[in-house]
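Participant: All chains, please: the whole structure from these sequences, using the hints.
Note that this note's numbering gives residue 193 to position 192 of the sequence shown, counting from 1, and the numbers run on in steps of one.
Hints may contain errors.
[Unchecked claim] Now the in silico label distances, taken between C-beta atoms and shown as ranges:
#, residue 1, residue 2, range
1, Q117, L228, 47 to 53 Å
2, I76, P8, 34 to 40 Å
3, I76, N5, 35 to 41 Å
4, A86, E4, 45 to 51 Å
5, Y9, P70, 26 to 32 Å
6, F80, Q224, 18 to 24 Å
Just so you know, the hints here were simulated from the structure itself, not pulled from any lab data.
All residues carry an ideal CB built from backbone N, CA and C; glycine is no exception.
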Amino acid sequence: MLENLAPYISIIFMITTCLTVFLFYKASHSSKIVLSLIIIWASIQAILGYSSFYLDTSLPPRFSLAIIPPVLFIISLFFTQKGKAFISKLNIKILTLLHSIRIPIEFVLYWLFLHQSIPELMTFSGRNFDIFAGITAPFVYYFGYIHKIASPKFLLGWNLVCLFLLLFIVVNAILSFPFQFQQFGFDQPNVALLYFPFVWLASVVVPIVLLSHLVSIQYLSKQLKILK
Numbered sequence: 002m003l004e005n006l007a008p009y010i011s012i013i014f015m016i017t018t019c020l021t022v023f024l025f026y027k028a029s030h031s032s033k034i035v036l037s038l039i040i041i042w043a044s045i046q047a048i049l050g051y052s053s054f055y056l057d058t059s060l061p062p063r064f065s066l067a068i069i070p071p072v073l074f075i076i077s078l079f080f081t082q083k084g085k086a087f088i089s090k091l092n093i094k095i096l097t098l099l100h101s102i103r104i105p106i107e108f109v110l111y112w113l114f115l116h117q118s119i120p121e122l123m124t125f126s127g128r129n130f131d132i133f134a135g136i137t138a139p140f141v142y143y144f145g146y147i148h149k150i151a152s153p154k155f156l157l158g159w160n161l162v163c164l165f166l167l168l169f170i171v172v173n174a175i176l177s178f179p180f181q182f183q184q185f186g187f188d189q190p191n192v193a194l195l196y197f198p199f200v201w202l203a204s205v206v207v208p209i210v211l212l213s214h215l216v217s218i219q220y221l222s223k224q225l226k227i228l229k
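Facilitator: See below:
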């Protein structure tokens with residue numbers, strides 16, 4: 002399916018994924034445990050994606066193995082003692098800057114659409130407005146945490162809006178997969194994300210972006226309570 006895909010698309014995506022992991026690694030104060038866990042998980046997903054494991058369209062879809070484990074892990078972080086301790090030490094500044102990786106991700110998605118590997122609705126020319134988060138992230142980082150002009154309330158609002166944009170396109174992407182529950186993109190379904198390296202988008206990049214928002218929202222919500 003992706004044999005004719007231009008090499009630069011995969012290369013840019015892999016570089017972006019590595020940058021996402023690096024920024025999260027720095028946000029965790031260079032935790033080697035965090036980096037090791039992500040590398041192991043990404044390696045497993047790379048093997049599964051490369052071996053066409055996720056192409057099985059029966060129910061339950063095998064691709065749930067790329068999505069559900071990270072979601073369950075993120076949930077556990079907010080409800081376990083060790084998880085809460087880990088979250089409390091994450092660098093909010095870097096987590097905010099991390100969202101800038103959504104710019105190259107959006108261009109990769111657009112190129113995948115042009116190569117007929119995902120539906121247009123998953124791109125900024127369709128109904129994906131996630132690029133807003135990527136464009137504004139450096140400014141929010143600069144004015145919110147360097148010059149500290151932006152208020153915690155504004156920062157909280159920005160995170161909530163960008164979280165909604167993320168969840169919106171995730172739902173659309175899931176419903177565009179060529180599975181039995183497909184609702185969108187019948188003429189050009191979401192198949193690229195079932196292959197390596199793009200399987201990393203759902204299994205690595207999106208979970209890190211999601212966790213970054215949730216941690217920032219929790220931090221800013223507590224900060225607002227203290228200010229009151």
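Participant: Does each hint fit the structure? Answer for all of them.
Facilitator: Tested hints:
Judged by the Cβ atoms, the range 47 to 53 Å given for Q117 and L228 holds: they are separated by roughly 51 Å. Our hint of 34 to 40 Å for I76 and P8 holds, since their Cβ atoms are close to 37 Å apart. The hint said 35 to 41 Å for the Cβ distance between I76 and N5, and at roughly 39 Å that hint holds. For A86 and E4, the Cβ-Cβ distance of about 47 Å falls inside the hinted range of 45 to 51 Å, so the restraint holds.
In this structure the hint that Y9 and P70 lie 26 to 32 Å apart at CB holds, the actual value being about 30 Å. The hinted window of 18 to 24 Å between F80 and Q224 holds, with their beta carbons roughly 21 Å apart.
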